[in-house]
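Participant: Below, each chain spelled out in residue letters.
Protein chains: 2
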Amino acid sequence: DPEMIGERQVEKVDMVEVTERLAYFAMENPDLCRSWFLQVLSMPDPAADPFWREYSGSIARFAQTDLAKPGIDAEAWSIISLAGNFLWPVWAHSHSQGEAERHALAHRFAREMLRLSLHGTLQPDKVPGVAARLAEPLDGGQASVIPLRSVR
Amino acid sequence: DPEMIGERQVEKVDMVEVTERLAYFAMENPDLCRSWFLQVLSMPDPAADPFWREYSGSIARFAQTDLAKPGIDAEAWSIISLAGNFLWPVWAHSHSQGEAERHALAHRFAREMLRLSLHGTLQPDKVPGVAARLAEPLDGGQASVIPLRSVR
Numbered sequence: 005d006p007e008m009i010g011e012r013q014v015e016k017v018d019m020v021e022v023t024e025r026l027a028y029f030a031m032e033n034p035d036l037c038r039s040w041f042l043q044v045l046s047m048p049d050p051a052a053d054p055f056w057r058e059y060s061g062s063i064a065r066f067a068q069t070d071l072a073k074p075g076i077d078a079e080a081w082s083i084i085s086l087a088g089n090f091l092w093p094v095w096a097h098s099h100s101q102g103e104a105e106r107h108a109l110a111h112r113f114a115r116e117m118l119r120l121s122l123h124g125t126l127q128p129d130k131v132p133g134v135a136a137r138l139a140e141p142l143d144g145g146q147a148s149v150i151p152l153r154s155v156r
Numbered sequence: 005d006p007e008m009i010g011e012r013q014v015e016k017v018d019m020v021e022v023t024e025r026l027a028y029f030a031m032e033n034p035d036l037c038r039s040w041f042l043q044v045l046s047m048p049d050p051a052a053d054p055f056w057r058e059y060s061g062s063i064a065r066f067a068q069t070d071l072a073k074p075g076i077d078a079e080a081w082s083i084i085s086l087a088g089n090f091l092w093p094v095w096a097h098s099h100s101q102g103e104a105e106r107h108a109l110a111h112r113f114a115r116e117m118l119r120l121s122l123h124g125t126l127q128p129d130k131v132p133g134v135a136a137r138l139a140e141p142l143d144g145g146q147a148s149v150i151p152l153r154s155v156r
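If you're matching them up, the sequences are chains X and R in order.
This note's numbering applies: residue 5 is where the first sequence begins, and numbers increase by one.
This note's numbering applies: residue 5 is where the second sequence begins, and numbers increase by one.
No wet-lab data here; the hints were simulated from the structure.
Treat the hints with care, as some may be off.
Said to hold, decoys possible - Only some residues are given here: those of chain X computed to face chain R with a beta carbon under 10 Å:
(1) Leu36
(2) Ala64
(3) Ile83
(4) Leu91
(5) Glu116
We put the CB at the ideal spot given by N, CA and C, even for glycine.
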């Protein structure tokens, strides 16, 4: 159901709903998650994958809105998010005993994604070196000019 | 090099160094990243994977320190982080033209991980529904009692 994260106006999106729908969709489709990994791992150009293109495009649009923290790298964050969403069910299905448990595990994953999105993982005042690193320019700007997105 | 995130004292860890070392390690070893996915995707019990056990264990210890934001789901966050770290090089290698560009792309990924860890992705005041959701109990506590970690 890539439409759920597709071309709709990202400003109007309910972040809780979108996050939970993706987590539930992945949990209900473990074979699709597995196939997606196998496919992108074997593609000469994974950035041509239509699902990732759709998803990273919606993240890029979201990053332009005032709902988003500044400085999000849409390509990197979209890979982190998709990979996590699609790998979690592989773990969960091997350990859960039925639909109710899998639903609970999808809920748990969505919650961590929401917690991460809202709060991150680090206490800023305890890790001043991280803020200092982020204040540095990005490898003289070089990395920012190398897009991952396929243009073919 | 799983030792780099292993049994050392997590309170003493330099988060910038650890984050960048993992990103560079992954970028320099794309075949290992690919093999890791193929292996965990085919395992009957992915939670038995020694690398993930080591990594999620170090995240769990980190989550207990005062460097960490409260409420991190160590199993979920460790899968999100590992999956992203190991999938990014698959994209990057198909698009980069040499060692310097790959190094720059690893740096870029590490930077997004640090930015995400410090700031998250959402402006809290713009998405009050997310904080409200996080204030709710986790499916009556059910999901929290289903560990993903293999005990075999």
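Participant: Against each hint, give a clear statement of whether it holds in the structure.
Facilitator: Status of the hints after comparison with the structure:
no. : hint   : in the structure
1   : Leu36  : 12 Å, violated
2   : Ala64  : 12 Å, violated
3   : Ile83  : 5 Å, holds
4   : Leu91  : 4 Å, holds
5   : Glu116 : 4 Å, holds
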